[in-house]
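Single-letter residue listing:
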Amino acid sequence: MIPLQPPAASTTAEGIDRLYLVLSGITAFFTVLIFSIIFVFMVKYRRRSDDEKTVETHTPLIVELTWTIIPSLICAVLFVWSAALYVQNGRPPASSTEIFVIGKQWMWHLQHAEGPREINELHVPVGVPIKLTITSQDVIHDFYIPAFRVKKDALPGRYTSLWFQATETGTFHLFCAQYCGTNHSEMIGWVYVMPPTDYAAWLAGGEKTESLAQQGERLFTQFGCNSCHTGEAGAQAPSLAGIYGKPQKMANGETRVVDESLLSQAIWVPSSVHLPNYKSIMPTYQGQVDSEQMVRLIAYVKSLGSEERNGK
Amino acid sequence: MLRGWPVSEMAAHSAHPPGFAHQFETVEQQREAGTLGMWVFLVTEILFFGGMFTSYIIYRSLHLQSFIQGSHELIVRFGATNTAVLIFSSLTMALAIRSAQTGKSKGQIIFWLILTMILGATFIGVKLRFEWYRDYVEGLIPGVSWLDGGTHTPGVKMFMCFYFFMTGLHALHMVVGLGILTVLVIMTARNKFSSQYYSPLEISGLYWHFVDIVWIFLFPLLYLIGGRYPGS
Amino acid sequence: MSAATADLHDAPAESGVNYLNADYGIRSWLLTFDHKRIGLLYLASITVMFLVGGIAAVLMRIHLVEPQGALFEPETYNKMFSTHGIIMVFFFLVPSIPATLGNFLIPLMIGARDVAFPKLNLMSWYIFITGAALALLATLSGGVDTGWTFYPPYSSHYSATNVTIVALGVFIAGFSSILTGLNFIVTIHKMRAPGMTWFRLPLFIWAMYATSLIFVLGTPVIAITLFLLGLERILHVGIFDPAVGGDPLLFQHLFWFYSHPAVYIMILPGMGVVSELITAFSRKKIFGYSFVAFSSLSIAVISFIVWGHHMFVTGQSIYAGLVFSVLSFLVAIPSAVKVFNWTATLYRGSISYEAPMLYALGFIGLFTIGGLTGLFLASLATDVHLNGTYFIVAHFHYIMVGGAVMAYLGGLHYWWPKISGRMYPDLWARISAAIIFLGFNLTFFPQFMLGYLGMPRRYAVYPAEFQVLNVLSSAGASILGIGYVIPLIYLIWSMRYGPVAGPNPWKATGLEWTIPSPPPTENFAEIPVVTEDAYNYPVAEAHKYPDAPGVARV
Numbered sequence: 004m005i006p007l008q009p010p011a012a013s014t015t016a017e018g019i020d021r022l023y024l025v026l027s028g029i030t031a032f033f034t035v036l037i038f039s040i041i042f043v044f045m046v047k048y049r050r051r052s053d054d055e056k057t058v059e060t061h062t063p064l065i066v067e068l069t070w071t072i073i074p075s076l077i078c079a080v081l082f083v084w085s086a087a088l089y090v091q092n093g094r095p096p097a098s099s100t101e102i103f104v105i106g107k108q109w110m111w112h113l114q115h116a117e118g119p120r121e122i123n124e125l126h127v128p129v130g131v132p133i134k135l136t137i138t139s140q141d142v143i144h145d146f147y148i149p150a151f152r153v154k155k156d157a158l159p160g161r162y163t164s165l166w167f168q169a170t171e172t173g174t175f176h177l178f179c180a181q182y183c184g185t186n187h188s189e190m191i192g193w194v195y196v197m198p199p200t201d202y203a204a205w206l207a208g209g210e211k212t213e214s215l216a217q218q219g220e221r222l223f224t225q226f227g228c229n230s231c232h233t234g235e236a237g238a239q240a241p242s243l244a245g246i247y248g249k250p251q252k253m254a255n256g257e258t259r260v261v262d263e264s265l266l267s268q269a270i271w272v273p274s275s276v277h278l279p280n281y282k283s284i285m286p287t288y289q290g291q292v293d294s295e296q297m298v299r300l301i302a303y304v305k306s307l308g309s310e311e312r313n314g315k
Numbered sequence: 013m014l015r016g017w018p019v020s021e022m023a024a025h026s027a028h029p030p031g032f033a034h035q036f037e038t039v040e041q042q043r044e045a046g047t048l049g050m051w052v053f054l055v056t057e058i059l060f061f062g063g064m065f066t067s068y069i070i071y072r073s074l075h076l077q078s079f080i081q082g083s084h085e086l087i088v089r090f091g092a093t094n095t096a097v098l099i100f101s102s103l104t105m106a107l108a109i110r111s112a113q114t115g116k117s118k119g120q121i122i123f124w125l126i127l128t129m130i131l132g133a134t135f136i137g138v139k140l141r142f143e144w145y146r147d148y149v150e151g152l153i154p155g156v157s158w159l160d161g162g163t164h165t166p167g168v169k170m171f172m173c174f175y176f177f178m179t180g181l182h183a184l185h186m187v188v189g190l191g192i193l194t195v196l197v198i199m200t201a202r203n204k205f206s207s208q209y210y211s212p213l214e215i216s217g218l219y220w221h222f223v224d225i226v227w228i229f230l231f232p233l234l235y236l237i238g239g240r241y242p243g244s
Numbered sequence: 019m020s021a022a023t024a025d026l027h028d029a030p031a032e033s034g035v036n037y038l039n040a041d042y043g044i045r046s047w048l049l050t051f052d053h054k055r056i057g058l059l060y061l062a063s064i065t066v067m068f069l070v071g072g073i074a075a076v077l078m079r080i081h082l083v084e085p086q087g088a089l090f091e092p093e094t095y096n097k098m099f100s101t102h103g104i105i106m107v108f109f110f111l112v113p114s115i116p117a118t119l120g121n122f123l124i125p126l127m128i129g130a131r132d133v134a135f136p137k138l139n140l141m142s143w144y145i146f147i148t149g150a151a152l153a154l155l156a157t158l159s160g161g162v163d164t165g166w167t168f169y170p171p172y173s174s175h176y177s178a179t180n181v182t183i184v185a186l187g188v189f190i191a192g193f194s195s196i197l198t199g200l201n202f203i204v205t206i207h208k209m210r211a212p213g214m215t216w217f218r219l220p221l222f223i224w225a226m227y228a229t230s231l232i233f234v235l236g237t238p239v240i241a242i243t244l245f246l247l248g249l250e251r252i253l254h255v256g257i258f259d260p261a262v263g264g265d266p267l268l269f270q271h272l273f274w275f276y277s278h279p280a281v282y283i284m285i286l287p288g289m290g291v292v293s294e295l296i297t298a299f300s301r302k303k304i305f306g307y308s309f310v311a312f313s314s315l316s317i318a319v320i321s322f323i324v325w326g327h328h329m330f331v332t333g334q335s336i337y338a339g340l341v342f343s344v345l346s347f348l349v350a351i352p353s354a355v356k357v358f359n360w361t362a363t364l365y366r367g368s369i370s371y372e373a374p375m376l377y378a379l380g381f382i383g384l385f386t387i388g389g390l391t392g393l394f395l396a397s398l399a400t401d402v403h404l405n406g407t408y409f410i411v412a413h414f415h416y417i418m419v420g421g422a423v424m425a426y427l428g429g430l431h432y433w434w435p436k437i438s439g440r441m442y443p444d445l446w447a448r449i450s451a452a453i454i455f456l457g458f459n460l461t462f463f464p465q466f467m468l469g470y471l472g473m474p475r476r477y478a479v480y481p482a483e484f485q486v487l488n489v490l491s492s493a494g495a496s497i498l499g500i501g502y503v504i505p506l507i508y509l510i511w512s513m514r515y516g517p518v519a520g521p522n523p524w525k526a527t528g529l530e531w532t533i534p535s536p537p538p539t540e541n542f543a544e545i546p547v548v549t550e551d552a553y554n555y556p557v558a559e560a561h562k563y564p565d566a567p568g569v570a571r572v
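As they're listed, the protein sequences go chains Z, P and Y.
Read in order, the letters of the first sequence correspond to residues 4 to 315 in this note's numbering.
Read in order, the letters of the second sequence correspond to residues 13 to 244 in this note's numbering.
Read in order, the letters of the third sequence correspond to residues 19 to 572 in this note's numbering.
Misleading hints may appear alongside valid ones.
Calculated cross-link-like contacts (lysine-lysine; reagent style DSS-like; alpha-carbon spacing at most 30 Å) [claimed, not checked]:
1) Lys-56/Z to Lys-525/Y
2) Lys-134/Z to Lys-47/Z
3) Lys-118/P to Lys-137/Y
4) Lys-137/Y to Lys-47/Z
5) Lys-525/Y to Lys-204/P
Worth flagging that the hints you see were computed from the coordinates, not collected in a lab.
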């Protein structure tokens with residue numbers, strides 16, 4: 004009648020459900036234990052006369068240590084188990100298909116790398132690892148698919164990611180789980196998990212669009228990025244070929260990995276990104292490049308230096 | 013009504029000196045409670061400023077170049093002068109307390125207190141006239157008179173925000189300190205203190221020294237991180 | 019206070035003059051320095067705030083019986099839950115036990131005539147009602163819709179509501195907390211009666227001391243945080259705006275640096291009350307006194323280093339997650355130790371079941387559930403699924419309502435004869451306690467299930483499949499509401515018509531029970547000299563444990 008758990012539709016759901024079950028068991032055990040002992044004591048030691056005196060009890064250290072150490076051990080086990088799951092679930096497989104997610108008040112924009120765009124709907128193939136790269140255009144949102152047990156905040160000016168691999172076809176809830184204003188509760192949608200062939204058909208059908216990287220390449224020219232980032236030696240701006248995912252030394256000595264966050268920072272707040280050997284003369288594109296365009300530009304930069312690059 | 017116990021009742025307890033509060037059993041207890049209370053209050057102030065200092069340090073590490081640039085907009089010699097002024101004012105404050113402790117005349121105590129106030133007012137005067145007014149004219153006050161362009165980048169704006177928040181909060185504490193000193197001068201003039209009882213002076217001294225110490229942290233963090241002095 | 023009663027050393031207890039009738043008129047209350055009267059001023063103020071926050075809750079639960087919402091537009095619902103949270107957290111729970119029972123009892127329990135700084139105490143109350151008045155004003159004139167957590171950029175750049183005024187109200191009320199905590203720390207350090215060593219103090223004092231440490235260390239940080247938020251909102255300077263290099267997550271770190279310890283501000287005093295109730299109604303020394311005392315301190319200390327568990331899904335580094343997770347598990351241990359010690363105190367006790375004891379036992383049960391569900395959230399992998407859902411809502415309500423509010427009511431009933439000089443009708447009190455217990459569980463247990471099923475919190479409308487559980491929860495809320503209204507009625511009734519209570523109707527230990535009910539203004543005719551440990555109830559025989567290594571008398 005009332006379901007006890009949501010569908011477990013991803014590879015990681017079962018592991019989390021198992022941990023949840025154990026946690027519930029521990030909770031139930033100790034609750035029943037305490038309630039029972041209290042109840043027994045309440046009956047057995049109820050006051051029989053107003054002058055009755057009690058018995059002096061001393062507190063053996065061993066008792067205190069026992070009920071300090073046993074809960075500590077239980078907590079230690081739970082921590083290690085949970086941390087292991089968390090770390091494991093945080094590493095997307097290398098072969099993941101990437102999809103971009105942009106949250107804005109009050110809808111989800113999803114961008115497949117091949118080009119198709121969706122609003123409040125996400126079509127994915129079953130049995131394939133999917134990595135979502137998530138950002139927000141305005142306030143903080145949170146992308147949540149209960150059936151996959153995945154959730155991650157969507158932050159403005161930053162990129163976060165999560166991954167999942169669906170294990171069964173079907174339709175599953177998609178929610179925003181970080182309060183974001185008036186229509187927070189209507190920022191919801193559906194995830195459609197399809198057999199791979201159906202998914203391929205879905206991808207190919209509909210409007211013919213270029214891939215995200217191709218759209219990004221056009222924007223790269225449109226915004227004039229290619230006038231400085233020529234890729235030639237001695238250019239005013241660093242070459243972007245193959246930089247994605249590599250560590251980059253900054254002018255103040257620290258090393259940062261070139262990821263979505265650094266790229267968007269370099270485009271929106273270039274005064275905060277200083278490279279050795281280059282003067283900080285890049286103008287800011289805040290207000291010119293919006294979140295959707297940023298996603299395409301990033302997809303383009305990612306494609307530079309990989310086999311799919313279509314020449315410069 | 014809010015002054016405390018009526019004087020007639022206090023006179024009845026001649027064993028207790030003036031200023032004794034009846035929730036205590038002994039004068040010693042009252043003195044210790046007052047001192048502990050001020051120390052606890054200063055700890056809360058450390059946490060209060062600490063939130064700002066922490067945010068400043070985090071943003072400084074994220075926007076180092078901009079913060080250095082912003083620091084260059086500040087005039088070190090005024091900051092340094094103010095540092096000297098405040099340190100000297102802590103000395104005069106300590107001397108005021110010492111005068112009370114050694115039973116000197118109320119005139120002497122008041123002399124040191126007023127000197128402390130003059131130094132505190134000097135600090136605020138230098139800030140207002142030579143620093144903040146100049147910042148206002150040069151378009152460096154975010155939200156009030158900010159002019160974009162040139163060296164006034166978003167990172168510099170962030171630095172200036174913190175500069176004004178932190179020094180503004182500090183200046184507010186200085187003004188409160190001046191108010192406290194005024195009250196102390198009046199109390200001294202009315203013969204409230206003696207070598208037996210001068211804890212309000214002592215406790216206020218703690219507060220004044222604390223405000224001084226906060227500045228001693230602010231000055232290098234804000235003015236000197238650019239790594240170029242003297243003069244500027 | 020008039021001159022006749024200003025003299026602390028004179029009015030004899032037998033004359034029938036007590037702190038309530040020593041002086042009359044509104045001025046004698048609004049300008050009092052007496053910690054007992056100030057405690058009652060707070061009692062009246064927070065009761066008003068509780069009613070406002072409670073009405074918001076009732077309206078929310080009525081709205082949620084329909085998946086599309088039964089009462090409000092989403093905008094109004096959002097203002098409802100924000101008002102409910104802000105008022106309940108900052109203007110009810112944080113001050114509740116400390117400002118009412120703490121103010122009233124601390125000097126009595128340690129054998130002092132008042133707190134260290136009575137004028138500061140009165141000022142704290144005025145600061146509190148100024149903040150509360152501002153917050154209420156803002157609520158009634160348009161409200162605020164950011165949630166009690168005020169996250170930017172929504173609160174700083176997007177919300178069109180009275181964010182700044184409410185934040186100012188909370189900011190101001192924060193100074194009330196800071197000064198109260200300061201007052202309590204100095205009082206407990208410097209004003210204990212002769213012979214009242216630290217380890218002879220009632221555990222309520224230990225709990226209040228630990229709470230005061232958090233007041234003093236944590237509250238300034240929320241003050242600065244709200245100050246920065248206000249500046250951001252007014253001046254748009256960019257501290258939390260990523261477009262100019264700011265970081266909205268910095269706000270979350272600063273906010274939770276206070277707000278996590280704040281939840282321990284809300285529960286530690288309740289734990290202190292429970293220690294008093296369990297011992298009084300079992301007529302037995304607490305089991306493991308120093309363990310309970312030190313667990314209060316360790317909770318206060320550890321509470322400052324776990325804040326990141328509110329941010330596990332913000333994309334912070336895995337290492338930060340691991341550190342905060344292990345520390346969050348750690349903070350659970352002292353609480354578990356207390357639960358076991360309270361339960362063991364009942365062993366071979368002489369137990370009676372007046373309302374305060376029922377509240378205390380209810381606390382132990384519900385706090386156990388609430389605390390254990392915290393483990394689900396300290397645990398990284400499960401928190402990912404549960405964060406932002408009704409599971410969180412259920413977890414904290416089990417602790418704050420099932421725990422803190424029940425402890426508050428238990429304490430209020432226990433010390434009511436001391437405060438008012440009258441007994442309340444215990445049968446009605448027990449009935450209310452039972453109604454509250456049942457109503458509470460019906461309200462919040464379904465919310466654990468809703469959370470696991472995936473229903474996010476702060477939703478004005480929700481998918482129809484969640485309706486059954488929502489209706490159950492709303493049904494429980496109406497029962498809970500009735501349970502809260504009944505004590506309001508009979509406690510007020512008893513002030514005039516309740517049977518007169520003597521100095522010690524419960525036959526409990528503790529200095530507060532050695533003086534008349536209600537106490538005289540100066541508390542003690544002569545400051546007592548303490549020679550016994552706390553909870554020194556008469557014993558039938560000394561029960562000897564065999565002397566063995568590792569056996570300690572604690």
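Could you grab the alpha-carbon distance between Lys-56/Z and Lys-525/Y and see if it respects the 30 Å cut-off?
Cα-Cα ~12 Å, so holds.
Quick one, are Lys-137/Y and Lys-47/Z close enough, alpha carbons at most 30 Å?
This hinted pair is violated, its Cα atoms lying about 49 Å apart.
Lys-118/P and Lys-137/Y were given as a pair; does the straight-line alpha-carbon distance stay at or below 30 Å?
Given that 30 Å is the threshold and the Cα spacing comes to 27 Å, the pair holds.
Holds or violated: are the alpha carbons of Lys-134/Z and Lys-47/Z at most 30 Å from each other?
violated, 60 Å
Are the Cα positions of Lys-525/Y and Lys-204/P separated by 30 Å at most?
violated, 48 Å
Of the hints listed earlier, those the structure fails to meet are numbers 2, 4 and 5, in rising order.
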